[in-house]
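Chemist: Since chain A is already given, all that's left is putting chains B, C, D and E on it; use the hints.
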Amino acid sequence: MMQVRPNLDYEGPKSHQHHRAFVFGFEYGFLKEKLDQKEAAKRANEQLGFVFDIGPNPWSKPATSSFGCKPSLVKMEYVSPEGLRLDGRRPMEMRQIRAEIGTVARADGSAVFEMGNTKVIAAVYGPREVQNRSQQISDQALVRCEYSMANFSTGDRMRKPKGDRRSTEISLVIRQTMEACILTHLMPRSQIDIFVQVLQADGGTRSACINAATLALADAGIPMRDIVTSCSAGYLNSTPLLDLNYIEDSAGGPDVTVGILPKLDKVTLLQMDAKLPLDIFENVMGLATEGCKAVANYIREVLLENTKQLEYRRGL
Amino acid sequence: MEVDREDGRTQNQLRPLACSRNVLHRAHGSASWYQGDTKVLAAVYGPKAGARKNENPEKACIEVIWKPKTGQTGKLEKEYEMILKRTLQSICILTVNPNTTTSIIIQVVNDDGALLPCAINAACVALVDAGIPMKHLAVAICCCVAKSGYVIMDPTKLEEQKMKSFAYLVFPNSVHSVLPEGSVQGEPMEHGIVTSVTHGIMSVDDYFYCLERGCAASAKLSDFLRRSLQRHPTDSSKAG
Amino acid sequence: MAAKPGSAPTTYSPSLTQKTRPPIFKGNDLDWVRPDGRGFHQCRPAFFRTGAVNSASGSAYAEFGNTKVIVSVFGPRESKKAMMYSDIGRLNCNVSYTTFATPVRGQGSDHKEFSSMLHKALEGAIMLETFPKTTVDVFALVLESGGSDLPVVISCASLALADAGIMMYDLVAAVSVSCLGKNLVIDPILEEESYQDGSLMLTCMPSRYEVTQLIFTGEWSTPDINEAMQLCLDACGKLGKVMRSCLKEATSASQE
Amino acid sequence: MVGLSVGEKHFIQGGIAQDLRSDGRKRLTYRPIYVETGVIPQAHGSARIRLGATDVIASVKAELGKPSALQPDKGKIAIYVDCSPTAAPMFEGRGGEELSTELSVALQRCLLGGKSGSAGSGIDPSSLVIVEGKVCWDLYIDGLVISSDGNLLDALGAAIKAALSNTGIPKVNVASETSGDEQPEVNISDEEFLQFDTSGIPVIVTLTKVGRHYIVDATSEEESQISSAISISINRKGHICGLTKRGGAGLDPSIILDMISVAKHVSEQLINKLDSEIAAAEANEEES
Amino acid sequence: MGLPNASGDLSTEVEVDAFRRLFPLRFYEKHLSESIRPDARPLGRARDTTIALGAVASANGSALAKIGSTTMLAAIKMEVMTPSTETPDEGCVAIDFHMPPICSPIVRPGRPAEAAPVVSKQLSDTILSSGMISLKELCLVSGKAAWMAYLDIYCLDADGALFDTALLSAVAAFSHLEIPVVSLNDDGKIVLLSEEQEGMSEREPVNKEKRKLTLCSIPFSLTCILHKNYILADPTAEEESIMETLVTIVLDSSSQLVSLYKPGGPVLAYTSAIQDCIAITRQRVKELQKILEEAISVMEVD
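Protein chains in written order, with the UniProt record's numbering: chain A, 1 to 316; chain B, 1 to 240; chain C, 1 to 256; chain D, 1 to 288; chain E, 1 to 302.
Where hints are given, some of them may not hold.
Cut-off 30 Å, straight-line C-alpha distance, at most; resulting in silico cross-link-like pairs (DSSO-like, lysine-lysine) [to be verified]: (1) D:Lys134 / E:Lys144; (2) D:Lys237 / C:Lys182; (3) B:Lys75 / B:Lys48; (4) B:Lys164 / E:Lys136; (5) A:Lys308 / A:Lys275; (6) B:Lys157 / E:Lys136; (7) D:Lys209 / D:Lys66; (8) B:Lys164 / B:Lys75; (9) E:Lys212 / E:Lys136; (10) C:Lys112 / A:Lys162; (11) B:Lys48 / C:Lys80; (12) B:Lys67 / B:Lys162; (13) B:Lys147 / E:Lys30.
In short, the hints are calculated from the structure, not lab data.
Here chain A stands alone, though its shape is the one from the complex:
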């Protein structure tokens, strides 16, 4: 089987004024056929190659940003007849991903993870002594997680107090997902803190946070069963769409977030809101899973590169 591999040589677009979708473009052709014959057949008619400058760009002008106002739910076209999405991506195309390890110097492990315009930082502290004695667990490590959003992360400046319901819920989701992959029994009576900070939110923050947390945990050298990677997919205009951005996410359609342990080939996280027929759900979930695998490959490469650097620095 062919590897789905992000184009690592490609340097990301410096200016978001000319934001384009380009990652995975060609490679995803294979995925598609494998995934969904019907979709592939539909797609066969389409032109190959990229068509730039299509669709409004939500990031271009903050003052007049369509980002703040929710697009109306009534029949909006999220996929053009040519089969392109609002930001110019194809339905099965992921946004560009980029990761960097070791961005917070004082943390035990840290990473930045970007999916298109979504950008999150994760920092891991621990394993260390449990701060609150009453929470100590005698036979395994205590994993804690806090998710917070920067005031400037959304289009409209948000002024939510810390610890609102959404943040608490996402904190819990991330904690449970990460707890499942950390070998907590190796570190009894200790505590591991995972802090994720969203710098820019453009849909899929949940997935981005989990990916960033995985990298940060790996950077901190915390023993894990496997890395966890996550990706979301949705279903709009009767088309399954991979890696929804904010506008697609707020369209109100179904949104499936999947987290997998790629090596063990197990699902650790599966969330969906809104309803979806079972057969379509399988398609969408399958698409998200493939996205996860693509992310996993990229993360593995980043980690490998990081290890090589470490080796080099040590003079090995």
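Modeler: Just chains B, C, D and E, lined up with the frame of chain A:
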């Protein structure tokens, strides 16, 4: 002095009473108490290890949480919590389980007048159901004073609003025991008031008249309470 | 019954018909008068009294013109926050306003900024090592705000600490100066503060001649800073004397 | 916050006394400053500053608002700082609030000047007014501490300065004159952006007094040795635009004046360094 | 120490203090059997009571009331609101009671005292149901504008009998209240008329007559402790914490019962005890009425 009441009751007539206990499975003790359309559910948890906040090495602590039917707890609920707490503290034997906390949760199911008395009665049954040591039972009743001076018992919400003033009174249930009667100056114990809360202006004489009538009506309530407690916990009792 | 709970109608406080009040001074006009007729370098008469709150370990009341402040000190007592062992004591400060303190009805909430400033102004003067593992709480309530609130709170708090018998190196006196146009006015009132171009607040221990806290806003040149600081230091010295005599009176009164 | 042994404390203090700090710097040298602008695309202006292991982001967002009744000819500027728990576990939950408020207040004081808003302010609030008494820009400046290794205030001050230089506010055309209480209609231009004159924005220099000496740009190890510190904001003209004292111990007034003159000297170099870094970052951003 | 056997000898004084802390109830009962209280009061006597009107310049009406060392500061601010459609010609009174951390060692910042909302509710119930204020007097322009009187009471020092002192300060603040002269401007908003404008302004003030509220049947209250057969009037905080049965009686100036409040307590209140309490309260109401009248006359002389 004949009074027309909307539901055709006489002045001293109470609404139909209903009481069932052990209605919740997770709680240590629970009860529901209906007075006409006013319905209150009470649950008791405890005695459990004392929370640090209200630790007392000599006495048990009682904590009341009042859940209104809708909305959030405001000042009114805080006041009710305080009155209930003080009332229940005075009927429980606190020295048996020192350094413990007993929580009583009151959930208002429906309010159709005389809410606080109804809640006190429900809490009382729930405490018995949980087996919390008590000195005696308490029965609570609401008396309304009209502008023309007559007094009615156990008003509905509509009557409560129409009347000039009303008083919530809590009387102790008479103790049938071998112990010497705990009374002073020759007055029987059930004439003493545990709690009294009034609202609106009334003359002092009106108040004493309320006391007298309330005390008489409380005897009926008291009987019902005793009867329903003697019954098997699961079957509910009804009275007219 | 009469009050309808839950329905809080929006209210406003009626304003004067004249749109804007004339500013208290004009541009570069050098001979304007302060609204209360004081000289530029003249402070308001200060009134202090200790022992205003019986249930506190120590307390003081201060009145500077319309600025009225009560400070209570509790402790040293057990730390409420489960803190780690510490061989020095903890100082906990809180400043709040009454709802009617300001001309427009406020929320009466805590003033976090002032709380932390009060903490910083006092911590250098208190011998924290004399009450290890425990906390001293300093709570201030501004009954009426008439300008220079923070300096009054700080001076009053140090008197309350003295009244509570907390060991200190010295009293802390605080004075602020406002810069209006080219003039420096000491101990500004609320109206002057709302027009100020810059301000300086200095808290010091008068007998030790040490500055515990210093805050500037606005644009200052070095000679201006020298002048303003000297002004404040002199005023703090005088204020220190008033505070000292208040304490002496209180002790002599209790001995009688 | 930082637990140090007696030996480590002596090492730091001794190094400072000998003008050679543990990272090889002199007492009055800053760590290298890295400036990156335009890091938050959806803001009107943003910048990220790294000072050793201290890493902060500042963003500027403008929203249309109404001027306050007291000052109808001025826009509003607000500074909020948030300490992300990624910087230190103690900022978790509400733990960072205290420091956040302290930093926000100090920055407001150091960068926005007095209440009248004209003197000592880096930005002239009257330049934000569109229609007097009716429409103005409300400028929200948000700071975020991502990683902290001392000297947060100076770093945030520099980040805000860089973010403001990076800021372009859309030009607004007032459609037609309206009378009375009506809000005038405004058109926000897509093409034309207004830049701020940022030359007047002061820089913040924090001088930490350790023993008898002052150091700039203290790391968190060094900050734990504070007897007292003074943060001074100084503009290009050499005027003091704000000052806050931190740390409890009392200081003799003459020492404060001495510290101010030292800070003035340091600020000249810092302003030049920062300006050239910002210019380089801007050029870098435009290039790509 | 108002102890009969405290002869100024330091060692006995320390012992008495220790006894008071260790066995507070026995300490009190010893006193009660002698018909005296530790602060040298007879059982039925209230502590010294003072009222100072106009303590806060920034409010429209204010008063400082002290009973013993319990101190309350009440202030009223008048704001304008649009009356509700059901009651177009009535204003509104909003009453709030605060216990800031300065008043007692029990209260900590951030966590409001348990007693505060309860006293707050009791106060607004009592004041509004007593009929002391006619809400119609607060009307400015029927259906358009009416006064909203914000009454905030701050406890500055808590030493028992919180409700009594708070009610006294509230009543005093209302009697000090001076309603500002206002007029209606062209936009339908109420604006303030300054004194020099009053004569020459083309706009007629809408409330020239109504500068003071007429207070009819003012309520006064007294809290008593029931302990065995003793009745202790006006308890201190220490007494309240030791003997837990409290009865608060509110009577108005025409001796009508506004509230009789006994929230539980180990001692049962029999008719005779209640009658005794009411009798003491009647006397206390007369006392308080006199103190309030004196405070007002002092104010008017100034």
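Chemist: Would you mind marking each hint as holding or not holding in the structure?
Modeler: Tested hints:
no. : hint                : in the structure
1   : D:Lys134 / E:Lys144 : holds (26 Å)
2   : D:Lys237 / C:Lys182 : holds (18 Å)
3   : B:Lys75 / B:Lys48   : holds (27 Å)
4   : B:Lys164 / E:Lys136 : holds (19 Å)
5   : A:Lys308 / A:Lys275 : violated (45 Å)
6   : B:Lys157 / E:Lys136 : holds (26 Å)
7   : D:Lys209 / D:Lys66  : violated (44 Å)
8   : B:Lys164 / B:Lys75  : holds (23 Å)
9   : E:Lys212 / E:Lys136 : holds (13 Å)
10  : C:Lys112 / A:Lys162 : holds (17 Å)
11  : B:Lys48 / C:Lys80   : holds (23 Å)
12  : B:Lys67 / B:Lys162  : holds (26 Å)
13  : B:Lys147 / E:Lys30  : violated (47 Å)
The structure is inconsistent with the numbered hints 5, 7, 13, although it conforms to all the rest.
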